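Based on these hints, arrange chains B and C on the given structure of chain A.
Listed below, chain by chain, are the residues.
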Amino acid sequence: MLSKIVRTVTNEFMPFILVFGFYIIAHGHLTPGGGFQGGAVIVSGVVMLLVAFNHQEVKQVLRERTLSIMESTGALIFIALAFAGIGAAFFYNFLVGTPIFGRIPPTGPNPGDFWTGGVIPLMNLAVGLKVIAGLSAVVLAMAIFSSGEEVEE
Amino acid sequence: MPSLITHSPILIIAIPLAAAFLTLPIGMASRKARNALVIVSLAFVVFLVFALARDISINGIHVYTLGATSPDLTIPKGFMVPVRIILEVDSMSVLMGIIWSIVALAAAIFSLSHIANETGQNRFYTLLLLMVAGGFGIMFTGDLFNLFVFLEITSISGAALIAFRTRFADAQEGGFKYIVVSAIASLMVLFAIGLLYAQYNLLNIGALAQVIQYTTLDKIALALLVIAFTIKAGMVPLHLWLPDAYSVAPASITGMLLITSHACMYAAFRVCFTLYGGMLNTPVVGWIIIIFGLLSMFVGVTMALIQKDVMRFMSYHAISQLGYMWVGVGVGLAVLGNAGLVDSYGKAAMSGGIFHILNDAMYMPLLFFIGGALFHCTGTRDFTQMGGLAHKLKWTTILFIIGSLCISGIPPFNGFSSKILIYESVYQFHPILTIAGIIVSILILASFIKVFHSAFMGAELSEYKAVKEVPRSMIIAMVILAAGIVFITLFPSLIVNWTIHPASDALINQGGYINAVTGAIP
Amino acid sequence: MEHIPFNFPFLAAALLVGISLYIIIFKKNLIKLIMGVAMLASGVNLFLVALGYRAGGASPIYTNVLERPMVLPVPQALTLTSIVINVAVLALMLTIVIRIYRHTGSLDSEKSRKMKG
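Protein chains in written order, with my numbering: chain A, 30 to 182; chain B, 57 to 578; chain C, 86 to 202.
What the hints contain is simulated information worked out from the structure, not anything from laboratory work. It is possible that part of the hints are untrue.
[Claimed, not checked] Lysine-lysine pairs mimicking BS3-like chemistry, simulated, CA-CA at most 25 Å apart:
(1) B/K448 / B/K521
(2) C/K196 / B/K364
(3) B/K364 / C/K199
(4) C/K199 / C/K113
(5) B/K364 / B/K448
(6) B/K364 / B/K521
(7) C/K112 / C/K196
(8) C/K201 / B/K506
(9) C/K201 / C/K113
(10) B/K364 / C/K201
(11) B/K506 / B/K448
(12) B/K521 / B/K506
All figures in this text were calculated on a predicted structure; none of them were measured in a lab.
Chain A with its partners taken away, still in its complex shape (with noise of 0.2 Å):
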């Protein structure tokens, strides 16, 4: 546990890394990021937590059973996303042309449509929802292990 100006900018600055790594995750098909980067930015937030914070602490609001579900939820999403296809080709991006994130993207140099992408939008968000899960299940596993205790099943 650290001073307490370091908690209080911590909890002061958590909301913005937030929105920061949303943002990152939710405009992966126009600017770089994705489903990956974006959970990384928001681990990193948790790495945050972690280093201001007690492990203790942390592990009461990050619960390892909702970290499961969080994980598999995600990948359970992209899965069903993936099959939703399979009237063409696993994978196949069934939802251009449609309303939801349907519309073809202009040429040129552009600032860039939101609704466009088909299907990848939606699985930057599953993918982003996995690894916020694992990532952070991974280092809250780590700091409570370096501590010495047992990491129980």
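Below, chains B and C without anything else, positioned relative to chain A:
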């Protein structure tokens, strides 16, 4: 049914992947439901692989494009080269797929009781199913970078499974060695992929095979790819990680790791025969593979003679058997440029090597499972301290006798069938190879007699009076593999004509592989 | 900018790979070995990104830029996949080293070896 066969390459990869992520929530609810999910999904995958094999024997190479409007649209309108990730399954790939599905099912059934007392079993089955999906990806893909990704998936889940029983210090050490060696080998593969992409702007194996020339950078890429895949497949002198990793893993995982080594050997053959084909200097590369295969045969069996740990003993024998396969297919590679020699003995040598892959995948995991069963019963892996176990472990003794007769090449078992095919064909290439193979077989038989006598024969020891027969699911798993051995023993020519000769034809026939990808009509 | 030769990124990648191979072979501390593997990964990733660069090219975010050639986007996708895989590999290696330290009390690879022959 037809659409199931059309989509089967990706279903074979995607069903274990989906089941892996379903295991965690279902396992938190009920243990029996999780076990049922694992066994049912792997059994369905076995059925799909056999259906796909039958379809390939009728209709030829099966191509699947991910994400296109139709699964065989490899070159869309307006493009000159294949785009998108393409899975390409020919007879050799589906033979490896049959092996992997049967051994994965047996390993999962074996694990039901072998790890029944460990904590974190949900994670174990998740990692096992991820490893299964990764292995199928290596065998079915037609794209170099996809090969790299699935190679890494298999390596990471394999290393995590080796180090799974955290109370053993040597398991951690074996897992660490496995992941470091795998990471370095995979980075070498990625470097070679970068070199090939920089020159030809293509990642698809079929499309690359059409345009590749044998420039200096291509030679460097060939060297990196072959060395990386032979590191992962345990060829001497790059084998030093293999006994450490195989001996400390849970026994079902050792069986799966062995088939992963076979899959990396298959990837090396895919690079040499299909990607480079007649472009590379086949006598040189073939002789290098033959010499190191001979070295593997000898080093494996001589190091096995001095072991005391039963799993380490079996893993050195695994290195030796891998040497036989390298020699067989290496002879085929060395004569690839000369069509007359290929017909007279080259194809027979390759068939011998590939048949030995099939046989080794049946009896070597059986022997590893028996080692795990011995560890489960007696609590030690040191066979010099065991004795007189034949009185109590009747099923295990019979299966051990079957396994050791197979591996020594005693007629009429399946080990003999593939070894005689290798001996007769490589004799015409160079006689010393056959003589070396026969000497190694004799040494293998000697070492197995020693282990059998030490562990199973003799009077009952007092500290093993309470030992009972191994649990039923372990017996079922071992019987599945033994049934495969018996089937191949009774019908060897049937198996060779149905599966092995088409597989070696598919490896030699580079043109067919390229046409399936580039000649496909949208 | 004209004094830097065009293949400077490739020389840097080769230097990274060479130093990391030296570290992996000759250093005994397990953490240094993991750092060596991380450096090898960085070297290969740098090589992949550098081979896609086209001088004066546009960045591959837009759909169709007609005036100039575009930097190759495929090696950037390959590098991204490689970075993700290496994160997983490094996390696994570090966790196993923590367990080895718990069991044997030493990070020296000579002292924590138990299996020989």
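Violating hint indices (sorted, rising): Structure breaks no hint.
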